[in-house]
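For chain A, the structure is supplied; the task is to place chain B on it using the hints.
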Amino acid sequence: MALLEMRNINKSFFGVPVLQNIDLTVEAGEIHALLGENGAGKSTLMNILGGVYTKDDGSIVFDGQVIDHMTIRKAEELGIAFVHQELNIINELRVYENLFLKRELTGFGGRLLKKEMIEETRQFFAGLGVEIEPTLYAAELDISKKQLLEIAIALHKNAKLIILDEPTSALNNEEIDSFFNLVRTAAHEGAAFIFISHKMPEIFALADRYTVLRDGELIISGAISDVTPQDLTKAMIGKSTQNTTFKGMEKDVEAEVVLEIKNLSGEGFKDINLSLRKGEVISITGLRGAGCSELLSAIFGLKEPTAGEIWVKGERLPTGDIKEAMRRGIGMVPADRKENAVIDNMCVLENSYVSEHCLTPRRQNIRTKRELARYRPLENKLNIKTNSEKAPIVSFSGGNQQKVILARWLNTEADILLLDNPTQGIDVGAKEEIYALVNDLAAEGKSILIHTLEIPEIKKMADSCVVFYHGGIAESLCHEDICEERVVELATQADFDNNKTETNEAGKENE
Amino acid sequence: MSKSSISKRSTQDKVRYFFSEYIYIVIFVVILVAYIIINGRSTSWTTLTNIFLHSAILGTIALGMGLIILLGDIDLSVGSSFVFIGGLTILSYNATGSIFVAILAAILIGAFCGAINGFFVGKLGVPSFITTLATMLIFRSISQYHMNVLGETRYRIDATNDSYNTLFKIGNGNILTIPNIGIIFILIALVLIYVTGNTKFGKQIYATGGNERAARLAGINTKNLRFFVFVLAGILVGIAAFLKIAKDTSFDPATSGQGFELYAIAACVIGGISMTGGKGTITGIVFGAMSFSMIDKIITALSMNALLNDAVKGTIVLLAVVLQRVQLQRGRASE
Chain A
859 MALLEMRNIN KSFFGVPVLQ NIDLTVEAGE IHALLGENGA GKSTLMNILG GVYTKDDGSI
919 VFDGQVIDHM TIRKAEELGI AFVHQELNII NELRVYENLF LKRELTGFGG RLLKKEMIEE
979 TRQFFAGLGV EIEPTLYAAE LDISKKQLLE IAIALHKNAK LIILDEPTSA LNNEEIDSFF
1039 NLVRTAAHEG AAFIFISHKM PEIFALADRY TVLRDGELII SGAISDVTPQ DLTKAMIGKS
1099 TQNTTFKGME KDVEAEVVLE IKNLSGEGFK DINLSLRKGE VISITGLRGA GCSELLSAIF
1159 GLKEPTAGEI WVKGERLPTG DIKEAMRRGI GMVPADRKEN AVIDNMCVLE NSYVSEHCLT
1219 PRRQNIRTKR ELARYRPLEN KLNIKTNSEK APIVSFSGGN QQKVILARWL NTEADILLLD
1279 NPTQGIDVGA KEEIYALVND LAAEGKSILI HTLEIPEIKK MADSCVVFYH GGIAESLCHE
1339 DICEERVVEL ATQADFDNNK TETNEAGKEN E
Chain B
2 MSKSSISKRS TQDKVRYFFS EYIYIVIFVV ILVAYIIING RSTSWTTLTN IFLHSAILGT
62 IALGMGLIIL LGDIDLSVGS SFVFIGGLTI LSYNATGSIF VAILAAILIG AFCGAINGFF
122 VGKLGVPSFI TTLATMLIFR SISQYHMNVL GETRYRIDAT NDSYNTLFKI GNGNILTIPN
182 IGIIFILIAL VLIYVTGNTK FGKQIYATGG NERAARLAGI NTKNLRFFVF VLAGILVGIA
242 AFLKIAKDTS FDPATSGQGF ELYAIAACVI GGISMTGGKG TITGIVFGAM SFSMIDKIIT
302 ALSMNALLND AVKGTIVLLA VVLQRVQLQR GRASE
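Protein chains in written order, with this note's numbering: chain A, 859 to 1369; chain B, 2 to 336.
Bound conformation, chain B alone:
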């Protein structure tokens, strides 16, 4: 890297820098424009604000996934723990009728699920792929068995509770035309942007993901760090489960959160998080998650067969990654 590349940049360099650092914004804008064009005349303010609504739940999960990928690990269990946490949270709400208890339950059970993963990955050193593959099977299986024992098919909110209307409003209401759960998602993202960028804990995640051995020799307790990051990611899944309850009032152990682990990873990838760890930003994940959610809406708007959904999503993930690679190589060549 030459001296001039840091102090004085030409306009061309600036554009190139923007493209390599903020490629996720470019992808977002391209998809957004496509979405608006396809919607044509029916595009309205609500169409746009609904992007927050549709990306909030997956986005919250993706934020936790992003932290784990930054560490150089992966979490395949989020789709299953989502259902597991959601089911138990609904039971605790139905038993108490308290929204506060429901939130607390979602967070605690989420932390518990994350702690199980974190214990095996962080403390025992089992590869995260294996650990979370196992817990992925375990969590969903328990929920399905539980439903089977109860002789039902879905966990359902008891609508006769006094607080039901409030809960439903949290999930489906707006503040200043913006969906509540979208606002919650953005607030959480803002907190995490601060945590990853401006706290010692956040820097340690990047350091460990960048060079784990060096991080350990610099004094970072990488075992504990791993554990805490998995717990934090679990809490985020818990919050996502609560948002889903407030929005949809039910959980189906067989289908809810199906494939979410892969969608969350995809959102991170589109958001520019490097799968080898240590590179990428929370802001990128927010854009990645919104881009990913819009693809659904585009397919609906085009009245394509919903079964083609994943084919389109997969194609876009591949395109995004290829674009990032090209940028990366260009960046290297110019150094």
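Here chain A stands alone, though its shape is the one from the complex:
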């Protein structure tokens, strides 16, 4: 009898099916890898298991019980724990207090038995091989220790099944080792894990079985020992869509280098070298947390790099200074539009001129005529569809909002554009428009560094593609060599066993 059996799970949002007849079986003591690209349905499936969403159809059997209506509380009672990327540790409490939260050992009159709790924590950690001092404040732990603590908390509550959602993205190699050791120890003692990850070396080092989802359908499931990383990559991406947008213009290989990054290191990336020519589009990509976003932030001056140099048009750029980067002609469309770009109490026009105004502080008076004269051509060029430029920006679709943000930077006449995941959260039609725009802008001589998590996009825009893995450049591909399969392989390091040993343990050594 398996610990978890999900059968024929179906789920639709607003009539659009996101999961179709999904089966998932997990045995006690098993580490089960769940794979799929963004939007494949992994999170929806896990949210159904955790009681966040209700299934439309299908059955869930957990630990011999048929569960008709899963709720968050029920999942918790059954022993299903979810370790999210955003951790649920309370920084202001000590480690043992986190472990015993809401389940404290108490003596007479509700007095906390601190000594007993600390002692139990110590023994519990020793059994798991976790090295954390129970009396430290959680705030003093680094992120890897917090992740260990989070799993330990789940185990301490006698969780039988623990869902790990891309747990290693913030960890370095040694931390990943101790993390894996904990997972193995716990699995050995009977806990089951569902391990959501894209990193092939880790999946092959840790998992026993796998399930691949694609576009809400179950593609393949089986034992890890029967497949190669390449098999899984193929299963994940399926047929790649044909590109139609890329203009394939003849690039001037002799064009001036406008942005040069030399040995740049910072939080999340290390020792990056990159050069961008006038009119060139370079796509940087990688898994979430591979360092692409962080690199763009560092170039724009939002975060100070720890080492290395940035050169713009032959001059060295002072780091950590957004204004200076803007003066040299750099503009950035940041990721997470709602948080980082949209100024929600302002209208479309105000949102479009705010950056240009930062560069021209001498003339303080705002003349609407002048602003409109600057905005109208951009509105046409970017095909911004708003019924009035005086309307609040938040009343329009994500695609239109993103175009306004792009207009904000074109308004500054920036000629080096850093686009961080620009098609996030916008509809398919608007995405195509953005691809076409990037091509047009490059043809006009703008140089563009674009970070995307959606790999099929790359071929539609980029002259070359730089793939990141764990903070470093895994490989650089020219336009002809960009193919989805290859990019995914590089980003997930699926080919790690081609040049290393054939055993599953190779992942560890390769790292």
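No wet-lab data here; the hints were simulated from the structure. Treat the hints with care, since some could be wrong.
Using C-beta positions, here's what the derived DEER-type ranges look like [to be verified]:
1. A:946 <-> B:16: 29 to 37 Å
2. A:1165 <-> B:19: 33 to 41 Å
3. B:22 <-> A:1343: 53 to 61 Å
4. B:120 <-> A:1162: 52 to 60 Å
5. A:1217 <-> B:125: 22 to 30 Å
6. A:1162 <-> B:101: 42 to 50 Å
7. B:18 <-> A:1255: 54 to 62 Å
8. B:120 <-> A:927: 52 to 60 Å
9. A:946 <-> B:301: 43 to 51 Å
10. A:927 <-> B:16: 26 to 34 Å
With a cut-off of at most 30 Å between alpha-carbon atoms, the simulated DSS-like pairs for lysine-lysine come out as follows [unchecked claim]:
11. B:224 <-> A:1248
12. A:1181 <-> B:124
13. A:1181 <-> B:314
14. A:1161 <-> A:1128
Rough simulated footprint, nothing fancy, chain A against chain B, three-plus residues with beta-carbon under 8 Å [stated by the list, open to error]:
15. 119 to 128
16. 213 to 219
Note that beta-carbon positions come from the ideal geometry of N, C-alpha and C, so glycine has one too.
Just chain B now, with coordinates in the frame of chain A:
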């Protein structure tokens, strides 16, 4: 929001829009009508123009407070810096006998007080609530100690100066029946209406108050902006202190400006400034300040016990906020 809501509005929509955007005018009119009714026969033109006189000093302070709240911050030190600036300004006037020196002193010392707040809040990133709580304690304490050392209880204008009469006229005279200091208040408000609505600096205040992270990523130096807004608010407190000197000729470190920080915040709230920043207008603050000042007059006219003053004011602030909430929710529901 549907397309029609922007291009073509029905009359009902227009009324609803007016109520949600200009609720402060409605509140002002309601209080004004109540005031006129309560005054009955004794209502005169002077009764009305005096509204400017009574709201000018608090109103000027509230304008600065409004700028700070638009940024998403708060300034609790205005009541204390008011006394601190006022005291030093009186000393500089008494020493020189020059009105010009007095104005200059008020502005410079005001800028200095604002710069202290702005340095901690803007440059060092200390929360404005904490910073200005501390400076609130510091400024008043220094003034009280100073009086104690001098062995006096109030800062007093030296009436033997030649320019004393001119100074007194500034504070208590009229132009075309309108009190001078009321005119000064309105002029300052007009300048700030322009600054917040039509300059890049003003837009940056709204942008930062609306989404600070996005504002920073759009290139706004939010640290410097904070600093300058606090300095500007300090200058406005300085001007208010000068107006008070011209009007009343003295400052009492123990009682002058007591509670002004809260009254200024209240005027902003009645004027429709959102405490989370980024929303509201200077025009709203002008009406908010006038509404707030009229409440005093109503209580006097009703010959109620003055100790009930704050209870009535507090009630009206609560009512105003509830009204704004209701409008806001209705507006959301109709979208």
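Exercise. Honestly, which of those hints from before does the structure not fit?
Worked result: Hints 1, 2, 4, 7, 9, 10, 13, 15 are the ones this structure does not satisfy, whereas the remaining hints hold.
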